[in-house]
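Visitor: Read off the chains here:
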Amino acid sequence: MKQYITRRLLEMIPVLIGISILIFAIFQLAPGDPVSTMVDPKASAAAKAKLREQMHLNEPMLVQYKYWATDILKGNWGESFYFKQPVKKVINSYIWNSFYLSLASFLLSAALSIPIGVLSATRQYSKFDYIFTVFALIGISMPSFFFGLLLIKWFAVDIKLFPVSGMTVPGSTATGFALFQDVMHHMTLPLVVLTLGSLAGLMRYTRSSMLEVIRQDYIRTARAKGLREKVVIYKHGLRNALIPVVTIFGMSLPGLFSGAIITEQIFNWPGIGPIGLQAVNTRDYTLLMGINMLLAALTLLGNLIADITYALVDPRIRFK
Amino acid sequence: MEKLLEIKNLKTYFYTDEGIVKAVDDVSLKINKGETMCIVGESGCGKSITAMSILRLIPNPPGRIEGGEIVFEGRDLLKLSEEEVRSIRGNEISMIFQEPMTSLNPVFTIGNQIIEAIMLHQNLSKKAAVEKAVEVLKLVGIPRADEIINAYPHELSGGMRQRVMIAMAMVCNPKLLIADEPTTALDVTIQAQILDLMRKLKEDTKTSIMLITHDLGVVAEMADYISVMYSGKIVEEAKVLELFKNPLHPYTSGLLASKPQIHIDKEKLYAIPGQVPSSFDLPKGCYFYPRCERAMDICEQCAPKLKQIHDGHYVACHLYGGEENE
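As given, the protein sequences belong to chains Z and U, one line each in that order. Residue numbers for the first sequence follow the UniProt record's numbering, beginning at 1 and rising by one. Residue numbers for the second sequence follow the UniProt record's numbering, beginning at 1 and rising by one.
So that you can see chain U by itself, here it is in the shape it has in the complex (with noise of 0.2 Å):
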């Protein structure tokens, strides 16, 4: 499969009084034409700065990206311009984000903030950008569309604002869609409902998603591939039918067994003990050794590198061998 977008040795680094902190840490993954990706983790594991780094969308200060590559159809979007970026952002690559509540300026219409995106991006006339702009309301889901162009965001539920930020970002037909939690605020049968927008449209358009999440329900309902990530760095990556079935990893293995499962009668729901380390006092070998059932003496001095164990199937852990991946 073509390659869409590749990081390489990403590092996001946030310099703050208490020290530095390294919130993505030598990631690297990519993501093919017409794939859903997903990368899953706890809170606070790097997720969102890593889709946050790709758009150059990190506050700085404290925030900076301290090296690596993002190549975006054979261009690293860390060399270019602060224009040229732009340029992409919202256009080829547009973003949702996890707070529909508060992710729309609260004094514009929806129509404005819509209409907004198009003008910039599209050569369209003022009548042409509304009309296209009621035209992905509808496609999105949204009843009156025509009407609710002149809406306020207040006036809107959860779901809709959520549907609406999904209009916003899918009317330019961007080739890579970020979606950060695009569910995580919404309740359960509204999720199912935005999930099934975002794979229809996915079908529809050919655009490739990059969906960060912690919900593993959400994982396997979307997914083509599925990146795991602990304290800023990647621990496995497979294929989602592989992963939910041959997980390699023990913080893999931790995640799928905390998922609550229906059919099962269980007392209490398993937990992976302990606690996310600290991001100033990272355990000098592989960070979820403290935590980790199946440590051994290596894990605690030394990190484990991420190795390809069969075909498509990466993880970083000293239980594998497995050839190098460089």
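One chain only, chain Z, in its complex shape (with noise of 0.2 Å):
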């Protein structure tokens, strides 16, 4: 197990390599350039020209990119032109922000979807099944731009129940619990928007798993034991309809530090979501390359955990 997850972790360096000269290339193929969004537009050309000249911007592209992959290396990811702040301090303020309302929403999603698709797939065709088919439709085909709206008017404008926006209230020097409530408090609708959204699909795929493991023979054996119908659903169940369900949590791992751009902007929630939008829209390279970089590292870490998890319920899959 251990040289297995050495092992990927080795894989992940040729990946991460590859990743970069791909984000970088990209950034090139852009148009502008840095020096244009960084210096004041009155400014000369002749001072434009040393700027260049000392960003090695008149240099080709693979020497640009040894300067660029050499720098992010010593963990030197540059200066954000519009935040004037070293990027890793900019993704540091805002990242947390977002990965507090995705692991609140992915943990809520998945303390709910997993029983409610069960009850659903042992209760097939029953009402509770029919309600929750209903609602998982709704929940998919709902935008969450729309659906976060929609609280804010009636929860926030109307009854006054959470703030329309933000993540503590302005101003606000609270600390410890008090803090943590405000948070909660703001917290909520966004909360429910993101997590309508993935419980939904959650559910549904529960739900189908279960229904395709309690016509197995084995859950007949389970039964024919004499064990009771709960220890048969949820010990010798679950444990196999969970095997794809924990496929489909791995995947959102590394969404939970992408941040959600809609939602974050709807609520303004100060997360990294709405930030590297702005960060394309100011044409904040540096801080956009930090960013996707930072992502795809994410991501594929989120793979390999999503692979220990697996074989950790899968007792069939085993590293060599």
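Read the hints as simulated data drawn from the structure, not as lab findings. As the structure is a prediction and not an experimental result, all values here were calculated from the model. Please note: incorrect hints may appear among the correct ones.
[Stated by the list, open to error] Straight-line distance between alpha carbons at most 27 Å, and here's what the computed DSS-like set of lysine-lysine pairs gives:
#1 U:Lys206 to U:Lys8
#2 U:Lys239 to U:Lys30
#3 U:Lys239 to U:Lys8
#4 U:Lys79 to U:Lys30
#5 Z:Lys235 to U:Lys127
#6 U:Lys79 to Z:Lys230
#7 Z:Lys230 to U:Lys127
#8 U:Lys239 to U:Lys200
#9 Z:Lys230 to U:Lys132
#10 Z:Lys74 to Z:Lys84
#11 U:Lys126 to Z:Lys235
#12 U:Lys11 to U:Lys30
#13 Z:Lys127 to Z:Lys230
#14 U:Lys33 to U:Lys307
#15 U:Lys284 to U:Lys8
#16 Z:Lys235 to U:Lys132
#17 U:Lys8 to Z:Lys230
#18 U:Lys30 to U:Lys305
#19 U:Lys268 to U:Lys305
#20 U:Lys239 to U:Lys206
#21 U:Lys239 to U:Lys3
Assembling the complex is the task here: the two chains are given apart, and the hints tell you how they should meet.
Guide: Below, the structure written as structure tokens:
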């Protein structure tokens, strides 16, 4: 197992190099150049040329890549043109806000979707099943921007139960539990929007996986042993039904850090999603490349975690 | 001989979109203590459903037991509460299935699955249960039982898995072992080993066996008593020697004639002409009538009842007189 993880981690190196080349090449193709976004438009052509020279922008692409890649490896991710701060600092101050929101949504949808999916499967075609089938259809069809605005209208504007946007009360200096409470209060509506979106799919996935499993011979064997129906379903059934569901959860791991662009935007949640979008609009090359590299690495890590989890739940998968 | 289990007029129906399937239609049979009773018949004749009905394992919906009694040691299993039936399943009556490859749960170890059954029905500590599991694995001829106990099903061959299934079924010393085509999915040498094992266990533990099969070779080797089923009904019942020597029902003779015989040089195997009738469109009279070589007019009109022809030999066919069996 240790050997497998080490091997997988080593394998990530060439993949990441490949990704970095791709990202670098794509940004080379993008129109405009960093200098024009960095300096005052009124600056003289000579000053611009000097800056270009300083930043090695006149050199061939491969040489430029070498400079960039070496700096990235040294931990120098450059400075965001827009924020006038180091890229690492900008990412660090936003990515965790996204992570808290996404993690809460991830845990909530897992905690709800699995039991609902199992019950829907064991009571196939019952009222319970139909209600949640309709619910899932609504969840899948409802665009998050619309649902978000609807919630803001109902719960924030009309009955004023939750704040309209943000992560804390502006100017708040609360710490500890008071801060936690404030954040939770702000998080509720975006959390509902995000969870509804992922819950519906996961629930249906658990349901169909469970339906498949409860028709298997070993479920009959478990019943023939005299086990109680609960043990049959939740021990013998669920363990098997979760195997494909784990894949889906694994695929959503990198998403924990990438931020939900639309939902975060609507609720003005200070996450990495809107920051990334903004960086595109302001041609903030260094920040964009930093975010992309980080997410690429996290995606690979997420896949690795999913594969390891996979082996933990399914003994038929063993690492050589 | 003392009766262990008696099924009286069992009716198990399936309610499908196309109509009602009478999978088991008024079947009566009995199993004596220490005896091996075989149910023989083509695929889809209701053998397995009869067996599943005994343990009340019929999936509902679409299936339902519509009538009859299943008396096990004086208790009607059909009248017991779900909890009472559970205490019988795997304990007093246990079952092994046709498909050893898929009948064990792939994510739990062999030991875990056997110990689960022991802990459920016997008052043993975990440690004693582990010892007992190793012991029963040794009993069914699994080498290195103390290692295999930690193996997962996919690490074992089909024959080994069927041994594990038998171990799991025998671990609580059941009074009745229902074996639903236990050797069908195995290759011939393994088949013989598994049958030997079952016979040995039966002798050692005096467990009654209800063996479901379509393999007449298996029947000849194992059975004391045979019931032949066709389209959800019993058509003939007799002791094994009697039935092989003197089959009465044309269906039974057909089955026996279609068995390949190694010492007779034949170009082609005999086959009963025609098809098993569709469950939705059964003939009005005898269900075997359309395929019967000795059919008479009465067979088309009226279904024959099971009658005793001579001592212990029952048949449901208009060819024979004999006294009516209630």
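Visitor: Does each hint fit the structure? Answer for all of them.
Guide: Against the structure, the hints come out as follows:
1. U:Lys206 to U:Lys8: Roughly 24 Å between the alpha carbons, so the hint for Lys206 of chain U and Lys8 of chain U holds.
2. U:Lys239 to U:Lys30: Holds, at roughly 12 Å.
3. U:Lys239 to U:Lys8: holds, 19 Å
4. U:Lys79 to U:Lys30: holds, 18 Å
5. Z:Lys235 to U:Lys127: holds, 21 Å
6. U:Lys79 to Z:Lys230: The hint holds at about 22 Å.
7. Z:Lys230 to U:Lys127: Holds - the C-alpha atoms of Lys127 of chain U and Lys230 of chain Z are around 25 Å apart, at most 27 Å.
8. U:Lys239 to U:Lys200: Holds - the C-alpha atoms of Lys200 of chain U and Lys239 of chain U are around 21 Å apart, at most 27 Å.
9. Z:Lys230 to U:Lys132: holds, 26 Å
10. Z:Lys74 to Z:Lys84: holds, 20 Å
11. U:Lys126 to Z:Lys235: The given pair, whose Cα atoms are some 18 Å apart, holds under the 27 Å limit.
12. U:Lys11 to U:Lys30: At roughly 15 Å apart (the allowed maximum being 27 Å), Lys30 of chain U and Lys11 of chain U satisfy the hint.
13. Z:Lys127 to Z:Lys230: It holds: about 20 Å lies between the C-alpha atoms, which stays within 27 Å.
14. U:Lys33 to U:Lys307: Status holds; Cα separation ~24 Å.
15. U:Lys284 to U:Lys8: holds, 23 Å
16. Z:Lys235 to U:Lys132: OK: Lys235 of chain Z and Lys132 of chain U at ~22 Å, within 27 Å.
17. U:Lys8 to Z:Lys230: violated, 32 Å
18. U:Lys30 to U:Lys305: Roughly 17 Å separates the two Cα atoms, so the pair holds.
19. U:Lys268 to U:Lys305: violated, 34 Å
20. U:Lys239 to U:Lys206: holds, 19 Å
21. U:Lys239 to U:Lys3: The hint holds at about 15 Å.
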